[in-house]
Amino acid sequence: MSAIEDTSALPAEAPTRRLPSPRMLILWALIVTFCVVPFGLVLAISFGQKIEGAAWEWAFTGENYLRFFVGADWPESRTTLYLNRLWYSIYYAVIAALIAVLTAFPFAYLLTRLSRRAQSRWLVFLLATMSLSEVFIVMGWDILLSNRSGLPMVLRETGVTAWLKDVGWFAQLREWGLANPRDVKFKTSMVATVLTMSYLVWPYAVILLYPALSRLDQSTVEAARTMGAGPWTVMRTVVLPTVRLPLVGTVFLLFVFLLGTYVSVTVFADPSQQTLAISVYEAVRGSTLNAPFGAAQAVILLITGALCLWLGRTLVARTGTPA
Amino acid sequence: MRDLVLSGIRKDYGRVRAVDSVDLRLAEGQLTALLGPSGCGKTTLLRMIAGLETPSAGRILLGADNLTDRPAHKRKFGMVFQNFALFPHLTVRDNVCYALSIDGVPRAKAHARAEELLALVQLEGFGDRRIGALSGGQRQRVAIARALAQEPEVFLLDEPMSALDANLRETMQVELRMLQQRLGITTVVVTHDQREAMTMADRIVVMSDGLVEQIGTPQEIYHQPQNAFVADFIGRANFFDGVAREGSIDVAGLSLRAQPLNFTPGAPVRVAIRPERVQLGESLPDGNRIPAEVVFLRDVGATRDIHLATPLGTIIAEEAIGTGARRLDLGTRVEVNLPPEALHVFPAATHVPQAA
Chain A
1 MSAIEDTSAL PAEAPTRRLP SPRMLILWAL IVTFCVVPFG LVLAISFGQK
51 IEGAAWEWAF TGENYLRFFV GADWPESRTT LYLNRLWYSI YYAVIAALIA
101 VLTAFPFAYL LTRLSRRAQS RWLVFLLATM SLSEVFIVMG WDILLSNRSG
151 LPMVLRETGV TAWLKDVGWF AQLREWGLAN PRDVKFKTSM VATVLTMSYL
201 VWPYAVILLY PALSRLDQST VEAARTMGAG PWTVMRTVVL PTVRLPLVGT
251 VFLLFVFLLG TYVSVTVFAD PSQQTLAISV YEAVRGSTLN APFGAAQAVI
301 LLITGALCLW LGRTLVARTG TPA
Chain B
1 MRDLVLSGIR KDYGRVRAVD SVDLRLAEGQ LTALLGPSGC GKTTLLRMIA
51 GLETPSAGRI LLGADNLTDR PAHKRKFGMV FQNFALFPHL TVRDNVCYAL
101 SIDGVPRAKA HARAEELLAL VQLEGFGDRR IGALSGGQRQ RVAIARALAQ
151 EPEVFLLDEP MSALDANLRE TMQVELRMLQ QRLGITTVVV THDQREAMTM
201 ADRIVVMSDG LVEQIGTPQE IYHQPQNAFV ADFIGRANFF DGVAREGSID
251 VAGLSLRAQP LNFTPGAPVR VAIRPERVQL GESLPDGNRI PAEVVFLRDV
301 GATRDIHLAT PLGTIIAEEA IGTGARRLDL GTRVEVNLPP EALHVFPAAT
351 HVPQAA
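Sequence order for the protein chains is A and B.
Residues in the first sequence are numbered consecutively from 1, following our numbering.
Residues in the second sequence are numbered consecutively from 1, following our numbering.
Pulled out of the complex, with its shape left as it was, chain B reads as follows:
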């Protein structure tokens, strides 16, 4: 197996530590997303994988090959840049077969390969066009085709969707994922968009302040966040502070039942619950039922956010808008239930940076 292994990777810029002790094994053929807010070190990590930055410490291995000191042009990992970095002086075809041309591949063969790749990214007939004559989505496809021309073992994408509008981004996420699955190429995508990461990745690496916060499948990351940062950054969550007790948490004078806790009674904790897990209505199960009042309503397409004033503070509940949806008005008094199994409890010291 030619897994890509990062072992104890660290990167310092003077006194600033951009990446700190990262240990990762990126499985061959899988798509891994490096996800985190701006400045968390994800792009620096990707650039170190590409060979564009040298790690201050640690090793980068591809299978048994140690790539740590190998320059970018000898690693030849295909990379798609945030701004696509297409060569403006070359046509689409010449951009795509650039790696082949400088490698001495005969012109006719290189052009034939370029046409194949352009067909792969659904850009047949675009070979003679200038880069300036392409739309954002087309440029991204050219960048992908160009990066794939050298048949790289590892495919790197640095925020490849950030220059695209919302509709095109959704389409390209699916297309890129399907293409990656078809080619079975080890791929690393850097993104700050958790939806993008959830859509595309086999595994997500959540980063913050140069550190890896959690590694897991999209479902694990979303449903079993390991700390408050991940719970806050991936999706949305309601947070409140409390104190751990035997089998419960004291929050604002209320005692909430929770899953078995590994906290010493009396320890300060931070509790999170996803908005879609907050239940409200007339026939609520026994659990953590608390009184609430509707203070704000926001329809967001297929769902509705209900902002509730509770003794714990403001809680957001998310409900699907369907034909059977109950009518709620501002000021309506309701009861909400916070199911014990839906409560995520973290140490209170866990930092929660503002998500981008």
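Same shape as in the complex, but just chain A:
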């Protein structure tokens, strides 16, 4: 008997339609329950109606969305309060994400040049810092930047504040909102808000950039050097273009993450420069108790995030993708 047999004569097996296994059904049920239903509820509530002096009721009205864009008293008067908050949400998130990535990139690049052992130690340390909650980090920064006991006090006591006044730079700091008439101050300021937000996501930036940079073929860097490229030219013409996609991806991921930052903005941002995340919380759980309007703001924040991602993706695609 031959070990290899001609199987062409065998009747073809009829295709059978397989039913999904119970395990798959449970998985889908979990996905729908915990991912789709909450978003669906928020979307549904955003069309609901607030009952004055009470909670809210199911409805199908666009008033909450209208209020967001033009205010509650439109057409008598128009306000852009919530559009401003959306703007600050995007502004803080973009700046903080960029600062985090710009500072994390050289660190991650140098990290990949270290020995395996040193890299492991740094990565473990960074992963450990990621376990710190936003509240804990903001508390630390709150103390660090507080006017009485933090950095402003150090600057005052060491004479730096007086020196800044002497050389005329204090006035500039006041213009930037980083000083009151007497002292340097960080609370409240946009700088402190953005720096704290960057600090929050910095370990994430390193962890996200590390795999791409560690996979970077060092021989391409060396090849560029042998062709006359100095360190900065190598960075500009080889390293950055090679890791462009992970780099842009990291910025977008951190941006979306930062859109919803709450504690940092509450503590460090001026009330006139607060974000939509604060407004959503105020509407849902805070003073106004208007869940439908809070839900509408949340939906708009979500759509804004998605639009920004789409825009970024389109821009990246237009500038060409690496092979």
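These are computed hints drawn from the structure, not numbers from a lab.
Think of the CB as a built atom: it goes at the ideal place given N, C-alpha and C, for glycine as much as any other residue.
There's no promise every hint is true.
[Claimed, not checked] Stretches of chain B that chain A covers, calculated by requiring three or more beta carbons in the stretch to come under 8 Å of a beta carbon on chain A: (1) 81-88; (2) 280-287; (3) 328-338.
[Said to hold, decoys possible] Sample of chain A residues facing chain B (criterion: CB under 8 Å; computed from the structure): (4) 112; (5) 115; (6) 119; (7) 220; (8) 222; (9) 229; (10) 238; (11) 239; (12) 241; (13) 246.
Using the hints, position chain B against chain A.
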């Protein structure tokens, strides 16, 4: 003459000495192969020439210029890497004119030069392709064109054929050699493939454990190995240990005549003979004739390896397979002759590492 001179080059990585006291003069316009097994220090030496590693000691000179402390981007030696190291985010054309672009050469001029170089490596019309769309051989040609774009004085290749399949490797060896001869550029090729080195090089530098074992033309290296390592690493050789006598060597109770020896009688020696120099048949000349029995036969294309059990141990003889070739079967008793002029005698202490 702008010869490349390495003088007393040494490289240490902590306690490990990768390259030890290398003195070389690489003649202008010649192709030199650095040949040796993995880990012998040949790539480290090439990287020091390129400026990618700093020597722990010694000097690197190009003509009268001392390059020892000059960084790689100021030496601008064209280099082809083992994995070609092409830039995946650039097209073939942009890869080739990279050195010109960063040097500020106008785009049109750089592109024209790229087209010339692509034609030189027979890749006309490939300029707009992505690197990912090229085969291994095409990538190697792009890497060569890219390294030549800056018109380097020295051209360095680090195992450039190792990523290619056997057929393509043979073709590319010949093509690369012809290209080098046409351009007349001083070239250093690192390889662990002795056939590749023999095919391409004007001179071969055989290395082992960070040391230069022998420098010479391919023929010198093959026919006049200076030590047992070179005899073993370059080509194949049968080895047996013996004791030197006046004009002969005692091996396993037999006395073999040998070329004039520079050994004190009684000194332990290691004897080598190439398989193709082992003679067997009916009408053998007088010489070192010893009885043998065929224990294994292996046809290798145009030649046949005949493994023979002899009083000296197993000896491999290589014979051309032709129409007049005699028929040998396993167990056939024959006589073999080891011509005295074909015996290479080395001090017994010479190490013979396992060749890669």
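So, going through the hints one by one against the coordinates:
| no. | hint | in the structure |
| --- | --- | --- |
| 1 | 81-88 | holds (count 7) |
| 2 | 280-287 | violated (count 0) |
| 3 | 328-338 | violated (count 0) |
| 4 | 112 | violated, 17 Å |
| 5 | 115 | violated, 12 Å |
| 6 | 119 | violated, 19 Å |
| 7 | 220 | holds, 5 Å |
| 8 | 222 | holds, 5 Å |
| 9 | 229 | holds, 5 Å |
| 10 | 238 | holds, 6 Å |
| 11 | 239 | violated, 10 Å |
| 12 | 241 | holds, 4 Å |
| 13 | 246 | violated, 13 Å |
The structure shown violates the earlier hints numbered 2, 3, 4, 5, 6, 11, 13.
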